[in-house]
Amino acid sequence: MAIEASTKPNIVNDFDDDDYDGPVVFKRSNTAAKQNQLNPEGKRPSSSTANGQNANAQKGKTTVPSSKASPMRSPPPNLKASSSSAKGSPVKSPVPNSKTPSPLDDRVKQSPRPNSSTSVKKEDDSGSMLLKQMDHQYLRFNIKSAPDDSDDEVPLSSRFPKSSAGTSGGKPIFRDEKKPLTSKLQQNGSTTLDKQQKSSLGSIKRPLDKVGSSATSSAKKPKVSNTSTEMKVKQVTVKADDDDHIPIAQRMKKSISSDKKAPPTKTTKVTKAVSSSSKKINKKSKKVIKNSKYSKSTKMLPSSGDGQKKWTTLVHNGVIFPPPYTPHGVKMLYKGKPVDLTREQEEVATMYAVMLETDYMQKPKFKENFWTDWRKLLGKNHVIQNLTDCDFKPIYDWHQEQKEKKKQMSSEEKKALKEEKMKQEEKYMWAIVDGVKEKVGNFRVEPPGLFRGRGEHPKMGKLKKRIRPSDITINIGKDAPIPECPIPGERWKEVKHDNTVTWLAFWNDPINPKEFKYVFLAASSALKGQSDKEKYEKARKLKDYIESIRAAYTKGFTSKDVTRRQIAVATYLIDKLALRAGNEKDDDEADTVGCCTLKVGNVECIPPNKLKFDFLGKDSIQYVNTVEVELPVYKAIGQFQTGKKQNDDLFDELDTAKLNAHLKELMPGLTAKVFRTYNASITLDDMLSRGTKEGNVAEKIVVYNTANKEVAIICNHQRTVSKTHGAQMTRLTDKIEELKGVLKDLKIDLDRARKGKPPLKDSDGKQKRNLTPEAIERKIAQTNVKIEKMERDMKTKEDLKTVALGTSKINYLDPRITVAWCKRHEVPIEKIFNKSLLAKFAWSMDVEPDFRF
DNA sequence: ATGTCGACTTAGCAGCAGCACT
DNA sequence: AGTGCTGCTGCTAAGTCGACAT
Numbered sequence: 004m005a006i007e008a009s010t011k012p013n014i015v016n017d018f019d020d021d022d023y024d025g026p027v028v029f030k031r032s033n034t035a036a037k038q039n040q041l042n043p044e045g046k047r048p049s050s051s052t053a054n055g056q057n058a059n060a061q062k063g064k065t066t067v068p069s070s071k072a073s074p075m076r077s078p079p080p081n082l083k084a085s086s087s088s089a090k091g092s093p094v095k096s097p098v099p100n101s102k103t104p105s106p107l108d109d110r111v112k113q114s115p116r117p118n119s120s121t122s123v124k125k126e127d128d129s130g131s132m133l134l135k136q137m138d139h140q141y142l143r144f145n146i147k148s149a150p151d152d153s154d155d156e157v158p159l160s161s162r163f164p165k166s167s168a169g170t171s172g173g174k175p176i177f178r179d180e181k182k183p184l185t186s187k188l189q190q191n192g193s194t195t196l197d198k199q200q201k202s203s204l205g206s207i208k209r210p211l212d213k214v215g216s217s218a219t220s221s222a223k224k225p226k227v228s229n230t231s232t233e234m235k236v237k238q239v240t241v242k243a244d245d246d247d248h249i250p251i252a253q254r255m256k257k258s259i260s261s262d263k264k265a266p267p268t269k270t271t272k273v274t275k276a277v278s279s280s281s282k283k284i285n286k287k288s289k290k291v292i293k294n295s296k297y298s299k300s301t302k303m304l305p306s307s308g309d310g311q312k313k314w315t316t317l318v319h320n321g322v323i324f325p326p327p328y329t330p331h332g333v334k335m336l337y338k339g340k341p342v343d344l345t346r347e348q349e350e351v352a353t354m355y356a357v358m359l360e361t362d363y364m365q366k367p368k369f370k371e372n373f374w375t376d377w378r379k380l381l382g383k384n385h386v387i388q389n390l391t392d393c394d395f396k397p398i399y400d401w402h403q404e405q406k407e408k409k410k411q412m413s414s415e416e417k418k419a420l421k422e423e424k425m426k427q428e429e430k431y432m433w434a435i436v437d438g439v440k441e442k443v444g445n446f447r448v449e450p451p452g453l454f455r456g457r458g459e460h461p462k463m464g465k466l467k468k469r470i471r472p473s474d475i476t477i478n479i480g481k482d483a484p485i486p487e488c489p490i491p492g493e494r495w496k497e498v499k500h501d502n503t504v505t506w507l508a509f510w511n512d513p514i515n516p517k518e519f520k521y522v523f524l525a526a527s528s529a530l531k532g533q534s535d536k537e538k539y540e541k542a543r544k545l546k547d548y549i550e551s552i553r554a555a556y557t558k559g560f561t562s563k564d565v566t567r568r569q570i571a572v573a574t575y576l577i578d579k580l581a582l583r584a585g586n587e588k589d590d591d592e593a594d595t596v597g598c599c600t601l602k603v604g605n606v607e608c609i610p611p612n613k614l615k616f617d618f619l620g621k622d623s624i625q626y627v628n629t630v631e632v633e634l635p636v637y638k639a640i641g642q643f644q645t646g647k648k649q650n651d652d653l654f655d656e657l658d659t660a661k662l663n664a665h666l667k668e669l670m671p672g673l674t675a676k677v678f679r680t681y682n683a684s685i686t687l688d689d690m691l692s693r694g695t696k697e698g699n700v701a702e703k704i705v706v707y708n709t710a711n712k713e714v715a716i717i718c719n720h721q722r723t724v725s726k727t728h729g730a731q732m733t734r735l736t737d738k739i740e741e742l743k744g745v746l747k748d749l750k751i752d753l754d755r756a757r758k759g760k761p762p763l764k765d766s767d768g769k770q771k772r773n774l775t776p777e778a779i780e781r782k783i784a785q786t787n788v789k790i791e792k793m794e795r796d797m798k799t800k801e802d803l804k805t806v807a808l809g810t811s812k813i814n815y816l817d818p819r820i821t822v823a824w825c826k827r828h829e830v831p832i833e834k835i836f837n838k839s840l841l842a843k844f845a846w847s848m849d850v851e852p853d854f855r856f
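Heads up: the first sequence begins at 4 in my numbering, then just goes up one per residue.
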């Protein structure tokens, strides 16, 4: 318990969740909470500090004070332009059918198992299969004797092998010291890194567990076309689709089990030659692959360190392009008269027309940028000389009609269309990475459109031109067939064979040509899973260092050296408030900040020792929070502000490079963002452990969601209030009132029934049925339950209206915490993770029930 | 030391399917 | 059958951060 209250800020706490008595975590002060209320339109109010000091405050928004005090902390509001806009992807016509057989298809065809190569069904199959297997998993940890009715060839036990997951750190854990920031309640018995865990640590060393242990230097090599030094590697010829419907973790287990326990059922020919350099690394995986009927390389992924080999063989089919523009011929008006437009002019006009009802139309910058780009297409001498006199309504109406038509299609027609699309896209959906079929994340090239920057983005409205094959660089295995260019007569810009990166293709961002758009594998891929796991392992490692790090920065608060002092305070804010690092930004980006780029005007000192933060962060989401801090921090901030203007940098001696360089001295691999992961995950772990009581599954899920919400608030994950929120609340209120009326009548009836009188007539004047007092009592009880449930639902809805729970689930919460908790408390994992999360977190499913972050 | 590039993660929102409710 | 709501999925913008260049 070395991290004592004195080193922590006494963060204002108005947390009074009635049903949660877990740790006390970051609280927004009432001040902040009040500001966080949304205005009646559901839009987020502007952060208007009294002295107008929000250096980033957006113009034209008004603060609407809270009308009610929510018992839960409200998240900070955001200033994000609430774009209720329809996504203006104009006119989608069917993708031309490409009959070209793909290399991937070839491999698929070789598969002895036919099922997986058929397109449309596949995803469904894989989906249901996934869930099915998860069910089994649940059965396994809940009903141990449940018979297994699938995957007969793999013993249940080996499909859920013991794992060393979560046991990577050999250091003893002093959990009390690693509590989430503000939560310092003691935790009995939580220090037990139990025996199973400990023993598994020593027993099975899985490559996936090796985190930050890359032996080789991480020196990044220059990106040249083919940096791989290894010898030729024959591309895999694999029945890669054998198990593409099986979550990776389970596929891994199959490999293990067949490797270790089950006799090999079949031999697969895979990598024919492996480079000498990669031989060592891949020795085990080779064996696994050999002995398994499933080609599995995931067991032995190389460490994902920079400049390291990420894959040995890579096969894919490139990318698919949006269909060419189909002109509609609907004429827009200029000064009331129809105008003839060329195909290209019409295309861009349509992009604008479909956005007519969005908030972007209120933004002069959007219009200005659009006009500049469209004008170039129109030419100086075009009839259209300004945007003001343009009437895009006819095109807008046409578009609405199209939408309506689409909506009116019968479900058969819709289904047929969907299947057709699937058929065309099937071959692009998959890649084979080291013999394993993996989903590709974004294989569709971004269609042209108008740039929809968030917040006050200086480039909003600019034309995002169409991407052509000649813009695209493909990255693929040396011996894999080069994907055929899907547009006849055109060709790729370049084809690389760089196995130190994970992208399959990229092009330059048309809005910001010095930036790139990449095509990556999907989140469910082993490659992504690997780095995800490494991320969480790094965050867990921080647990072992956090005490000394906090002690160090506390010392730094009073350092004579300004830079040191700034580093200390910045680290403190990143740790305490989960702020982002805050890289420098260009003038052609939205004006948002993170920790290192905070402006003087973003922080207000409120005597004696409170700080009020008010700034626009990532995605122009407003962060408003008033926190009580230790006096030295308060004083230091005051010093940093002295003699500066509102818009000057608060940390003028600091940038993210310096900060991260410093953090690296404290812990290998430590950067600012690790604190967010760490604080999010440890908060979840802590709140779950403390908050879960005996009860039914529903009650436990409430505990989980409360913790999830807490994390979302810490990380400032917000969402816009849905347009229908107000109406929904009204409806619920009405219903509750109605039920209360019913309750009242029932009580009267009960009274009368006890006296032997008949019940009152109902609202229609009809005589109600005679009931016994007992029956009426039962009815009363039922109605009460109904009312309570509705009131609870209403409260939850209100509490969560601005909080986005998903982001933290996807990016910040170590899934092993969740999986282990589900196992401990017999909560089906599907109640917490949806299908795609189950796939993404497949690597975490075998965690021991006693895993603690 | 600073700027830029390149690769990757993190983020909110639109659209839609499917379900519940009336 | 119509309507409203919810959660999922895809999309793509906007961050972080390491490494290289200057």
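A couple of the hints might just be wrong.
[Unchecked claim] With a straight-line cut-off of 20 Å between C-alpha atoms, the simulated EDC-like cross-links for lysine to aspartate or glutamate are:
| hint | residue 1 | residue 2 |
| --- | --- | --- |
| 1 | LYS366 | ASP376 |
| 2 | LYS738 | GLU794 |
| 3 | LYS771 | ASP754 |
| 4 | LYS520 | ASP622 |
| 5 | LYS467 | ASP591 |
| 6 | LYS782 | GLU740 |
| 7 | LYS676 | GLU587 |
| 8 | LYS468 | GLU493 |
| 9 | LYS747 | GLU702 |
| 10 | LYS782 | ASP802 |
| 11 | LYS621 | ASP652 |
| 12 | LYS743 | GLU697 |
| 13 | LYS613 | ASP590 |
| 14 | LYS426 | GLU415 |
[Stated by the list, open to error] Computed Cβ-Cβ distance ranges for the label pairs, DEER-style:
| hint | residue 1 | residue 2 | range |
| --- | --- | --- | --- |
| 15 | GLY646 | VAL386 | 24 to 34 Å |
| 16 | THR566 | ARG457 | 47 to 57 Å |
| 17 | PRO484 | ASN837 | 27 to 37 Å |
The hints are simulated quantities; they were obtained by calculation from the structure and are not laboratory data.
All C-beta atoms, glycine included, are put in the ideal place defined by N, C-alpha and C.
Hints violated by the structure (numbers, ascending)
Of the numbered hints, 9, 10, 12, 13, 15 and 16 do not hold.
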